[in-house]
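Work the whole structure out from these sequences, hints included.
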Amino acid sequence: MNHGLILPILLPMFAGSLLLLGAGLSLRVKRSLSLLATLMLLPLSGYLLWLADQDVLQVYAAGNWAAPFGIILLLDRLSALLLVVTAVLGSFALLYAVRGDDQRGQSFHALFQFQLMGINGAFLTGDLFNLFVFFEILLIASYSLLVHGGGVERVRAGLHYVVLNLVGSAFFLLAVGVLYGITGTLNMADMASRVAAAGPDDAALLGAAGLLLLVVFGLKAAFLPLYFWLPKAYASATAPVAALFAIMTKVGLYSIIRVYTLIFGDDAGSLANMANDWLWPIALLTLALGVIGALAAVSLQGLLAYLVVVSVGTLLAGIAIGTEQALAAALYYLVHSTWVAGGMFLLADLISRQRGDKQGLLVQGPALQNPHLLGGLFFFGAIAVAGLPPLSGFIGKLLLLRSLEPGLQALMLWPVVLGGGLLTLIALSRAGSMLFWRVGLSQLDSAELDYGRLLACAGLLLLSLLLMVGAAPLLSYVEATASQLHDLALYRQIIESGAVR
Amino acid sequence: MEAIFAATLGILTASGVYLLLRARTFPVVLGLTLISYAVNLFLFAMGRLQSGVVTVIGKSSEYADPLPQALVLTAIVIGFAMTAFVVVLALRSVGETQTDHVDGQEPAQ
Numbered sequence: 011m012n013h014g015l016i017l018p019i020l021l022p023m024f025a026g027s028l029l030l031l032g033a034g035l036s037l038r039v040k041r042s043l044s045l046l047a048t049l050m051l052l053p054l055s056g057y058l059l060w061l062a063d064q065d066v067l068q069v070y071a072a073g074n075w076a077a078p079f080g081i082i083l084l085l086d087r088l089s090a091l092l093l094v095v096t097a098v099l100g101s102f103a104l105l106y107a108v109r110g111d112d113q114r115g116q117s118f119h120a121l122f123q124f125q126l127m128g129i130n131g132a133f134l135t136g137d138l139f140n141l142f143v144f145f146e147i148l149l150i151a152s153y154s155l156l157v158h159g160g161g162v163e164r165v166r167a168g169l170h171y172v173v174l175n176l177v178g179s180a181f182f183l184l185a186v187g188v189l190y191g192i193t194g195t196l197n198m199a200d201m202a203s204r205v206a207a208a209g210p211d212d213a214a215l216l217g218a219a220g221l222l223l224l225v226v227f228g229l230k231a232a233f234l235p236l237y238f239w240l241p242k243a244y245a246s247a248t249a250p251v252a253a254l255f256a257i258m259t260k261v262g263l264y265s266i267i268r269v270y271t272l273i274f275g276d277d278a279g280s281l282a283n284m285a286n287d288w289l290w291p292i293a294l295l296t297l298a299l300g301v302i303g304a305l306a307a308v309s310l311q312g313l314l315a316y317l318v319v320v321s322v323g324t325l326l327a328g329i330a331i332g333t334e335q336a337l338a339a340a341l342y343y344l345v346h347s348t349w350v351a352g353g354m355f356l357l358a359d360l361i362s363r364q365r366g367d368k369q370g371l372l373v374q375g376p377a378l379q380n381p382h383l384l385g386g387l388f389f390f391g392a393i394a395v396a397g398l399p400p401l402s403g404f405i406g407k408l409l410l411l412r413s414l415e416p417g418l419q420a421l422m423l424w425p426v427v428l429g430g431g432l433l434t435l436i437a438l439s440r441a442g443s444m445l446f447w448r449v450g451l452s453q454l455d456s457a458e459l460d461y462g463r464l465l466a467c468a469g470l471l472l473l474s475l476l477l478m479v480g481a482a483p484l485l486s487y488v489e490a491t492a493s494q495l496h497d498l499a500l501y502r503q504i505i506e507s508g509a510v511r
Numbered sequence: 261m262e263a264i265f266a267a268t269l270g271i272l273t274a275s276g277v278y279l280l281l282r283a284r285t286f287p288v289v290l291g292l293t294l295i296s297y298a299v300n301l302f303l304f305a306m307g308r309l310q311s312g313v314v315t316v317i318g319k320s321s322e323y324a325d326p327l328p329q330a331l332v333l334t335a336i337v338i339g340f341a342m343t344a345f346v347v348v349l350a351l352r353s354v355g356e357t358q359t360d361h362v363d364g365q366e367p368a369q
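Those protein sequences? They're chains U and W, same order as listed.
With this note's numbering applied, the first sequence corresponds to residues 11 to 511, in that order.
With this note's numbering applied, the second sequence corresponds to residues 261 to 369, in that order.
Read the hints as simulated data drawn from the structure, not as lab findings.
Do not rely on the hints blindly, as some may be mistaken.
[What the hints assert, rightly or not] Short derived list, chain U residues pointing at chain W, Cβ under 10 Å:
#1 Leu54
#2 Ile147
#3 Val165
#4 Ala167
#5 Leu176
#6 Gly191
#7 Ile192
#8 Leu196
#9 Met284
#10 Trp288
[As the list claims (entries may be wrong)] Covered stretches of chain W (in silico footprint by chain U; criterion: 3 or more residues with CB under 8 Å from a CB of chain U, positions within the stretch not fixed):
#11 283-293
#12 350-359
[Unchecked claim] Which bits of chain U does chain W cover? Going by a derived footprint, with three or more residues having C-beta under 8 Å, they are:
#13 168-175
#14 180-188
All values reported here derive from a predicted model rather than from experimental measurement.
We treat Cβ as the ideally placed atom computed from N, Cα and C, and that holds for glycine.
This is the structure we're talking about:
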């Protein structure tokens with residue numbers, strides 16, 4: 011049993027607790043502690059990625075209770091990949107926050123750590139109820155982070171976000187209750203084999219519970235009828251918080267992949283892959299409506315929030331196709347879209363700071379102090395987001411489009427993705443020309459560019475370049491991930507062999 | 261017992277949903293609370309309804325499932341914390357927006 015598995019949860023938990031206890035410490039100490047804990051997640055998640063790459067499922071049995079009876083943490087390729095994505099995104103967001111944004115409210119660093127703890131826990135757990143617990147941890151931290159900095163807009167968006175997610179939690183519990191009532195287990199691997207063995211009488215209830223779970227995950231992932239909270243919430247959040255929230259929708263998507271490939275996967279009899287029929291139209295409609303929202307957005311932050319919805323739609327399409335090739339493409343696109351979206355939210359804040367009271371609103375404002383630098387970064391980010399060659403967004407979309415054989419599905423997906431890309435480009439160029447070209451003559455003197463912030467923002471955006479150059483190893487990793495996810499016998503061994511040591 | 265239990269859950273949930281749709285923060289908080297009661301009771305019932313049996317195997321011929329009880333306990337604690345948070349946020353919202361409507365503004369007449 012490798013204790014490294016539980017460290018991505020324990021490290022932020024202890025750091026967060028220390029930061030809470032030491033609330034009176036100087037800001038310098040708190041910043042160093044928080045930064046240290048977050049940066050340590052980088053080598054740790056790198057190690058776990060290496061471990062997962064050995065093609066053995068790593069299981070950590072809490073309290074050494076054997077698999078179906080105790081709670082297990084499960085490290086496979088998918089969770090390791092998402093841990094790395096989180097650690098990188100969290101580090102850059104925190105580097106940005108320590109340049110001043112953490113002072114705009116109380117306990118920013120403690121909340122940030124608890125947020126990381128919840129996200130890491132959700133990616134690692136192999137138990138359905140434990141997934142609920144980690145969801146709640148990351149949610150309650152995100153509630154407070156969302157209203158960090160105060161103000162009417164944040165409170166207004168925060169109330170919607172909190173109430174919706176509380177209803178979502180109730181649905182989650184109902185679904186888990188039904189699943190436990192029928193299968194008698196909460197361990198996801200064990201539940202998978204029980205669902206596969208379930209009789210036809212139970213299929214209807216199991217299916218209902220499974221679709222209830224889809225509603226919950228859909229609320230987190232923000233797909234079609236459930237995304238209306240997202241644009242307001244993300245657009246009003248403080249920049250480093252909005253950047254970190256780029257991973258939050260991916261927690262929902264991760265849960266969808268996990269539950270509907272494992273529990274309701276290929277082996278689930280009449281319920282096999284039941285989510286795909288729902289996800290396919292939802293994905294395309296989410297994508298289309300997200301693009302329309304982006305075109306209609308009145309502020310840069312609102313535009314970026316809708317682009318998050320667009321990326322959710324694209325990713326869902328990859329998941330809904332259901333082949334390994336499409337899933338691999340979706341996973342590559344997931345890494346790209348998380349980092350680039352985070353970077354764009356940071357960039358939007360850098361731009362807003364030089365526009366005085368116009369902030370991110372897409373109206374004529376004062377000239378920027380560093381138009382070439384910020385404009386260059388915006389140009390770079392826009393290319394990555396819209397999926398133009400040569401950056402990583404292009405590779406992700408190309409892989410997704412190529413994963414379909416010519417046919418009806420391709421006929422539906424290609425126009426939506428390509429048309430969506432074109433309209434995204436139009437929305438971004440409209441915003442860019444308003445922000446950088448159609449400016450007034452006056453220039454604000456008080457808005458100096460902070461190089462620490464610039465570094466964090468540019469670093470995150472330039473990762474797109476890294477994803478492009480390092481596409482080959484990443485692609486082989488995500489392809490192996492997709493085939494591992496469909497190798498259900500591997501997951502079933504967790505139960506059959508008891509706790510793997 | 262099952263019929264009474266199911267009817268209780270139904271009434272609790274229906275009242276909760278009604279209050280939730282009132283779109284004023286205080287009824288919404290009450291509605292969320294009622295829904296979480298219903299959900300907790302539902303979770304509890306997933307270990308099957310029995311009375312007067314212990315949760316230990318071997319003490320008697322019948323035993324109750326202890327796991328849902330543990331789950332309910334966790335769910336209650338989490339629900340309590342969440343309710344406390346949403347109450348504070350609702351108060352903050354009233355202070356900031358001068359209205360108790362969940363949208364932060366009075367609906368147009």
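Structure-inconsistent hints, enumerated in ascending order: 1, 9 and 10
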